[in-house]
Amino acid sequence: MNKSIIITLSIILLTFSLYSQSGVYSDYVLTRASSNFNGVDYNYKVLVVYGDAGVVLLSTDRGNNWEQINLNDSLNIVDMTNIDDDFYGISDSRYLIWSKDIGKNWSLIDLGMELKFHKIFYYNDKLYIISNEKILSYSRNLTKIKEYNYSIDVNYYDAELAGSKIIYVSGYGKLGFLNLDNEQEGVIDLTQYDLCSKCPIPYNLTSNQQDLLFFTVGYELFRFDLTINKIQYLCQPPKLRDAPFATDGSDIFQIYKKTDSVFKIDSLFFGKADKATNEFKDIKLPGNDRYIDNLLIKNLKFISKDTVIAVGSGKLIYMSYNGGINWELKSLLSVVVNSISYRTGKFSYLFLKDNQ
Numbered sequence: 000m001n002k003s004i005i006i007t008l009s010i011i012l013l014t015f016s017l018y019s020q021s022g023v024y025s026d027y028v029l030t031r032a033s034s035n036f037n038g039v040d041y042n043y044k045v046l047v048v049y050g051d052a053g054v055v056l057l058s059t060d061r062g063n064n065w066e067q068i069n070l071n072d073s074l075n076i077v078d079m080t081n082i083d084d085d086f087y088g089i090s091d092s093r094y095l096i097w098s099k100d101i102g103k104n105w106s107l108i109d110l111g112m113e114l115k116f117h118k119i120f121y122y123n124d125k126l127y128i129i130s131n132e133k134i135l136s137y138s139r140n141l142t143k144i145k146e147y148n149y150s151i152d153v154n155y156y157d158a159e160l161a162g163s164k165i166i167y168v169s170g171y172g173k174l175g176f177l178n179l180d181n182e183q184e185g186v187i188d189l190t191q192y193d194l195c196s197k198c199p200i201p202y203n204l205t206s207n208q209q210d211l212l213f214f215t216v217g218y219e220l221f222r223f224d225l226t227i228n229k230i231q232y233l234c235q236p237p238k239l240r241d242a243p244f245a246t247d248g249s250d251i252f253q254i255y256k257k258t259d260s261v262f263k264i265d266s267l268f269f270g271k272a273d274k275a276t277n278e279f280k281d282i283k284l285p286g287n288d289r290y291i292d293n294l295l296i297k298n299l300k301f302i303s304k305d306t307v308i309a310v311g312s313g314k315l316i317y318m319s320y321n322g323g324i325n326w327e328l329k330s331l332l333s334v335v336v337n338s339i340s341y342r343t344g345k346f347s348y349l350f351l352k353d354n355q
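When we follow numbering that gives the first Met the number 0, the leftmost residue of the sequence shown carries the number 0, and every step to the right adds one.
Take these hints with a grain of salt, some might be off.
[What the hints assert, rightly or not] Okay, derived cross-link-like pairs now, BS3-like style, lysine-lysine, Cα gap no bigger than 30 Å in a straight line:
| id | residue 1 | residue 2 |
| --- | --- | --- |
| 1 | Lys173 | Lys145 |
| 2 | Lys125 | Lys99 |
| 3 | Lys280 | Lys256 |
| 4 | Lys304 | Lys229 |
| 5 | Lys304 | Lys280 |
| 6 | Lys44 | Lys297 |
| 7 | Lys115 | Lys300 |
| 8 | Lys125 | Lys44 |
| 9 | Lys99 | Lys143 |
| 10 | Lys103 | Lys173 |
| 11 | Lys44 | Lys143 |
| 12 | Lys143 | Lys133 |
| 13 | Lys300 | Lys256 |
| 14 | Lys103 | Lys44 |
| 15 | Lys99 | Lys297 |
| 16 | Lys300 | Lys44 |
| 17 | Lys263 | Lys274 |
| 18 | Lys297 | Lys256 |
| 19 | Lys280 | Lys257 |
| 20 | Lys44 | Lys283 |
| 21 | Lys125 | Lys143 |
| 22 | Lys256 | Lys238 |
| 23 | Lys274 | Lys197 |
| 24 | Lys125 | Lys103 |
| 25 | Lys103 | Lys115 |
| 26 | Lys283 | Lys300 |
| 27 | Lys173 | Lys229 |
| 28 | Lys257 | Lys274 |
| 29 | Lys238 | Lys263 |
| 30 | Lys304 | Lys283 |
| 31 | Lys44 | Lys99 |
| 32 | Lys133 | Lys300 |
| 33 | Lys274 | Lys229 |
| 34 | Lys304 | Lys263 |
| 35 | Lys115 | Lys125 |
| 36 | Lys300 | Lys173 |
| 37 | Lys300 | Lys229 |
| 38 | Lys99 | Lys257 |
| 39 | Lys263 | Lys297 |
| 40 | Lys238 | Lys304 |
No lab work stands behind these hints: they were computed from the structure. Quantities reported herein were computed from a predicted structural model and do not represent experimental measurements.
Please put together the full structure from these sequences, using the hints given.
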């Protein structure tokens, strides 16, 4: 029985190989049909969405049309930043990707280390990569400048750039920081701000990259103004996990879902923390984003005061052009016409798609 299966599979593979060599599939290209998106970057010329399996999407018209770039299938791109027309992204380990032409072409750089990467920042013409053991500094031409050792007391990695400081989670009720201007290091103890007596781990770090840092402690959301060294309670957000935050520069917003208990379908919600009333206010109106199955949003970002983008699993892309009141689904569908698909144990679904 096993022998006959092997013979049958060999005939199928040989037939496919012969057809390929004969030119039957010469007009087809291999394109990944689905991927999980992890984040967004923008430089006023191009909108870049990135994610697992080396998939990068580009839009030069604020999300109306998209071009897909397929990089190495083993890359899971977790964060990205830009300097002028140069884009820099990090995989979850070892590799950095670099584009000098606003995302059209990419170079894969092996940093030569078995490190796990979490965030990448740009400050004062230098790149800073947050790994699980070190903060690595590079020039914009990727010449290594310096390594900074840092230690944390928990198995959770999160960091943000706020002004000249990289601020990261360092332990229960503690935030560590590295001042990039003078290389001063220190710890921000949240108990000294009367937030809590036995503080849990801070989560959901979000920054306007200037003077404000937002984070959650327990079930509460806080606003840290670094210019006056003051932490203000904002509200209890609707959700703490799988519901990303983003700031428009001054206020903090959150996107989240609610699942119908009977039909197991999801609806999208979006709102902001009102610092005057200490309440979370939903501002999104009902729309065509209702009744989505298995909605999982992983990143939220303002690219202007009015334009907001949310991305997530299954090539999920939502955009709002009026500050989050109405949303449009921009996802590339995984349905391919006139195609041949197959599945392997290593990869997810792949498609041979007609160029025309």
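Checked hints:
For the proposed pair Lys173 and Lys145, the alpha carbon gap of about 25 Å is at most 30 Å, so the pair holds. As the CA atoms of Lys125 and Lys99 are separated by approximately 16 Å, the hinted pair is consistent with the 30 Å bound. With a CA separation close to 15 Å, the supplied pair Lys280 and Lys256 stays within the 30 Å bound. Under the criterion of a C-alpha separation no larger than 30 Å, the hint pairing Lys304 with Lys229 is consistent with the structure, at around 25 Å.
Our distance criterion of 30 Å between C-alpha atoms is met by Lys304 and Lys280, whose separation comes to about 18 Å. At most 30 Å may separate the alpha-carbon atoms for a hinted pair to count; Lys44 and Lys297 meet this at roughly 23 Å. Between the alpha carbons of Lys115 and Lys300 the distance comes to roughly 24 Å, so the proposed pair stays at or under 30 Å and holds. This hinted pair checks out: Lys125 and Lys44 have alpha carbons roughly 21 Å apart, not beyond 30 Å.
Restraint check for Lys99 and Lys143: the C-alpha separation of about 18 Å stays at or below 30 Å, so the hint holds. In summary, the hint linking Lys103 to Lys173 is not supported, as the alpha carbons are separated by about 41 Å, beyond the 30 Å threshold. Taken as a hint, the Lys44 and Lys143 pair is honoured in the structure, with Cα atoms around 28 Å apart against an allowance of 30 Å. For the given pair, Lys143 sits about 13 Å from Lys133 by alpha-carbon distance, which is consistent with the 30 Å threshold.
For the proposed pair Lys300 and Lys256, the alpha carbon gap of about 17 Å is at most 30 Å, so the pair holds. Note on Lys103 and Lys44: the hinted pairing holds, with a Cα-Cα distance of about 12 Å set against a maximum of 30 Å. Under the criterion of a C-alpha separation no larger than 30 Å, the hint pairing Lys99 with Lys297 is consistent with the structure, at around 27 Å. Simply put, Lys300 and Lys44 have alpha-carbon atoms about 16 Å apart, close enough for the 30 Å limit, and the pair holds.
As the CA atoms of Lys263 and Lys274 are separated by approximately 34 Å, the hinted pair breaks the 30 Å bound. For the suggested pair Lys297 and Lys256, the alpha carbons sit about 12 Å apart, so the restraint of at most 30 Å is met. Annotation: proposed proximity of Lys280 to Lys257 holds, straight-line Cα distance about 15 Å (limit 30 Å). With a CA separation close to 27 Å, the supplied pair Lys44 and Lys283 stays within the 30 Å bound.
For the hint pairing Lys125 with Lys143, the CA-to-CA distance comes to about 10 Å; that is within 30 Å, so the pair holds. At roughly 9 Å between alpha-carbon atoms, Lys256 and Lys238 fall within 30 Å of each other, so this suggested pair holds. About 25 Å separates the Cα atoms of Lys274 and Lys197, which keeps this hinted pair within 30 Å; it holds. At most 30 Å may separate the alpha-carbon atoms for a hinted pair to count; Lys125 and Lys103 meet this at roughly 22 Å.
Distance restraint check for Lys103 and Lys115: the Cα-Cα separation of roughly 26 Å lies within the 30 Å cut-off, and the hinted pair is therefore satisfied. Distance check on the hinted pair: Lys283 and Lys300 sit about 16 Å apart at the alpha-carbon level, within 30 Å; holds. Proximity of Lys173 to Lys229 is assessed by CA-CA distance (about 15 Å); at most 30 Å being required, the pair is judged to hold. Distance hint between Lys257 and Lys274 is fulfilled; the C-alpha atoms sit about 24 Å from each other, no more than 30 Å.
Between the alpha carbons of Lys238 and Lys263 the distance comes to roughly 18 Å, so the proposed pair stays at or under 30 Å and holds. The hinted pair formed by Lys304 and Lys283 meets the criterion: a straight-line CA distance of about 15 Å does not exceed 30 Å. This hinted pair checks out: Lys44 and Lys99 have alpha carbons roughly 13 Å apart, not beyond 30 Å. A threshold of 30 Å between alpha carbons decides the hint, and for Lys133 with Lys300 the separation of about 26 Å falls inside it, so the pair holds.
With a CA separation close to 14 Å, the supplied pair Lys274 and Lys229 stays within the 30 Å bound. Of the supplied pair hints, the one linking Lys304 and Lys263 is violated, its CA atoms being roughly 33 Å apart against a limit of 30 Å. For the hint pairing Lys115 with Lys125, the CA-to-CA distance comes to about 20 Å; that is within 30 Å, so the pair holds. The hinted pair formed by Lys300 and Lys173 meets the criterion: a straight-line CA distance of about 26 Å does not exceed 30 Å.
Distance restraint check for Lys300 and Lys229: the Cα-Cα separation of roughly 25 Å lies within the 30 Å cut-off, and the hinted pair is therefore satisfied. At most 30 Å may separate the alpha-carbon atoms for a hinted pair to count; Lys99 and Lys257 exceed this at roughly 41 Å. Straight-line distance between C-alpha atoms of Lys263 and Lys297 comes to about 20 Å, which keeps the hinted pair within the 30 Å bound. At roughly 23 Å between alpha-carbon atoms, Lys238 and Lys304 fall within 30 Å of each other, so this suggested pair holds.
Hints 10, 17, 34 and 38 from the list above are not met by this structure, while the remaining hints are.
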